[in-house]
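Asks: Make the full structure from the sequences, and use the hints.
From first to last, the protein sequence lines stand for chains A and B. In this text, residue positions in the first sequence follow the numbering used here: the first is 1, and each later residue adds one. In this text, residue positions in the second sequence follow the numbering used here: the first is 1001, and each later residue adds one.
Since the hints were made in silico from the structure, they are not lab data. Some hints could be false.
[What the hints assert, rightly or not] Here are the simulated DSS-like pairs of lysine-lysine, each with C-alpha atoms no more than 27 Å apart in a straight line:
#	chain 1	residue 1	chain 2	residue 2
1	A	K331	B	K1054
2	A	K77	B	K1103
3	B	K1331	A	K180
4	A	K428	A	K13
2 protein chains.
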Amino acid sequence: MAKKDEKRFITPKSEDASQWYTDVILQAELADYSPVRGCQVYRPYGFAIWEKIKAHLNGRIIATGHENCYYPLFIPKSLLDKEAEHVEGFAPEVAWVTHGGGKQLDEPLAIRPTSEVVIGVMWAKWLQSYRDLPILHNQWANVVRWEKATRPFLRTLEFLWQEGHTAHRTEAEARAETAKMLEQYRRHAGEDLALFVIDGIKSESEKFAGAVETYGIEAMMPDGKALQSGTSHFLGQNFAKAYDIKYLEEDNTEQYVWTTSWGVSHRIMGGMLMAHGDDKGLILPPKVAPVHVVIVPIARDDDRPLVLEKCQGLARRLREVVYDGAALSVKVDDREEFRPGYKFAHWELRGVPLRIEVGPRDIEGSTCIIVDRLSGAKHELQVDYATYELDAESVSAKLENLQAALYARSREEVMGRIHEVESYEEFKQVIAEGRGFALAAWDGTAETEQRVKEETSATTRVIAAEPPGHNVKCLFSGGPARYRAYFAASY
Amino acid sequence: MAKKDEKRFITPKSEDASQWYTDVILQAELADYSPVRGCQVYRPYGFAIWEKIKAHLNGRIIATGHENCYYPLFIPKSLLDKEAEHVEGFAPEVAWVTHGGGKQLDEPLAIRPTSEVVIGVMWAKWLQSYRDLPILHNQWANVVRWEKATRPFLRTLEFLWQEGHTAHRTEAEARAETAKMLEQYRRHAGEDLALFVIDGIKSESEKFAGAVETYGIEAMMPDGKALQSGTSHFLGQNFAKAYDIKYLEEDNTEQYVWTTSWGVSHRIMGGMLMAHGDDKGLILPPKVAPVHVVIVPIARDDDRPLVLEKCQGLARRLREVVYDGAALSVKVDDREEFRPGYKFAHWELRGVPLRIEVGPRDIEGSTCIIVDRLSGAKHELQVDYATYELDAESVSAKLENLQAALYARSREEVMGRIHEVESYEEFKQVIAEGRGFALAAWDGTAETEQRVKEETSATTRVIAAEPPGHNVKCLFSGGPARYRAYFAASY
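Replies: Written as structure tokens, this is what we have:
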């Protein structure tokens, strides 16, 4: 809806990244607030980005042997109550349906905050023999968690996500699955969204309610805070025992399965948007950009028909170019009511990776100007406007370069903002000044974690793979350090 | 989960189509009942069919200029109450969320039974100028309607669907949109699902709550009942006025928009499954079949390795064949624990369009047997088992023929069961004996409709395009006939 743009104004990201984020989401028409607190509307451009993200992640899930399915929205209260830790963790966030069909229900129905429960009940019904294992299911669904403070994409009451659920014969196989999907999430963030993330195991206090172990990927936002962007849970036999998910082994004994679950939500999209943008607006990684190239005609009234015709011809030609396994998405901005400068700003705000400008002199000179959204660099591209012959590979190469450059920038940014701190004083500074993640030696106790959280607002994000050296002391308690952990304030 | 199959048993369709349907849905592992009444679980094979249907219908929606987006699950009660007819129609079916985050909510939230309301509220917020029109939105979502009697796919409390919502400057444009999407639905049913449907306008009593006019497509089930399989509503300015959806016209006057909405749910999948199957199970139209070809090795222990190797090679070759714009989906059933006859039944139950059988003698003779699920006809196909050279086009031609034959059969079946009745006596026989649809002259009054419904259980499905001749009398009241309408009992 073009008219809104005329009032466009976004706070520079360099001044206030948080306000910039809200401004961009609204002004670029990605999402809007709905009449229900904390529930967002996905407008077409925002939803198109989400559909691209979904296609990439879904491809990884299917390629690793999982099958899509769909389990119901509702969970009867009595079933939710069966896994004690799980219900304790989720009960405060549940929305309850109490009336339906004009009557009060005999039993309240929870709107799924996650689907381990209803899936567990079905598996217990279906599963018979070891031949039925593994079960490798995934669903794309909406879930509801009654959050207090909300922000578009980053934290909403209703959110869209995928949740994978698997059951295995052995502990080792379930642990391998947990690790495999964490790795897929890390690669999805890096290769598809150009987001460098830190991955690792979560502390006991930060793990999923009902899990034995939770692993996660954490992205770093411009204010130095962490954004948990995906989690993979090894559930042991907790849900198997609570929901009686058993099978007959080859040796004729009845056994409980070992289960996992793992999820990525639209939150990762919020993180991607916030990480890559600049003062002009979004910068979309080409792999998830709904529009790869926008062509802006530079014309006055008398040469408009010719210029528009050449722009359309160029667009047709570019749509024959294959990028990331599909046709390039090309848009000609032929709106008569706006000037080129306005259009440049419009598409920069929306993060379109490449802009092509075509004016009468370009046509005469058999060329066009191509501008890269990340660097802003302008290049000339030769075009034969009779045949539309051009160096198509240089266009897809530009997209590939932009994707790679965004990732490299993300990696450099995050690596440069991980501070291996030597004292609690230094730790506090890193956190208070929003300098990034603090990597600190920690005694591994929940008490220390809790104290640090109260004193600094930082929590453990994930535990580093490399343990502390011999005789290293915990930064906070002075006791023996058990882990090195990444600490940060978080969204 | 293979083990379940050993208990397989389906009621022959020729004996009891209704029981056959339930048996097939459960035994072919398309769906199952969940712990919540009326809410189904989509198992992977059933969901894969739904994903194929969705891809085809989504393609049509996008190709006709619409954009996907996503609006929230919840609608505050006060907003739902604004369009009087709409709320009156839907209130009895609404599920209400009354508690969230451990507290009673200030205002109950309806779970969307359809999204005109929340969409209307957002449009009123966004819409400014005539330049913003038309708005052409679509969403794929879950909705909830508290139904009494439920059946998998055909009628469930929670169901998956797409709902299109559009806003236009003029009445003519909105009416054209309503007609365009009805036509897309008719073509989707016919061309993608091989379902011949009757289309037309609904009577006043059968229209959507809040619409000016509702159009629908109606499929015929084996028991002669109608299944409403898609509807397209011209909403006039009813929602525009209730939700204040206005814009500034070119002449600077404020105007209400004209809106439409249209939806197809997983119900159409149920109708497709029921219409095409036979005593052996499902028959899937190739365009929506998750597996196009299953290869069954016919081998004893000593020749198993060779036969399996050749089956895998053949599968690899067939996966290079393009059908309906994508790679052929080919499965080799290499399970050792089952005999070929069992496997034939397994895949027949699941409706896989083509089966290929490969045994040692086929390999020697450079051939394989290919069997068509619809006709059961067996043909030999030449295969060079060294190079896997074969006539790939004959395989995709078989799929195209099967798709066309299924549609032709559906068309013939439906056309043969439309009875242009001359008396109420004949009408009653057609309905009571489940012979199909009765096409009858009707005075067009709701009173007559109501009487016929009470006396025969049949309702008007759609009104025929061709009006009754001059001086034709209503079959029921003896008054002047206003319309010719299709009557049937319905799901």
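Asks: Take the hints in turn and mark each one as holding or not.
Replies: To see whether the hints hold, each was checked on the structure:
At roughly 26 Å between alpha-carbon atoms, K331 of chain A and K1054 of chain B fall within 27 Å of each other, so this suggested pair holds. This hinted pair checks out: K77 of chain A and K1103 of chain B have alpha carbons roughly 16 Å apart, not beyond 27 Å. Simply put, K1331 of chain B and K180 of chain A have alpha-carbon atoms about 25 Å apart, close enough for the 27 Å limit, and the pair holds. Note on K428 of chain A and K13 of chain A: the hinted pairing holds, with a Cα-Cα distance of about 25 Å set against a maximum of 27 Å.
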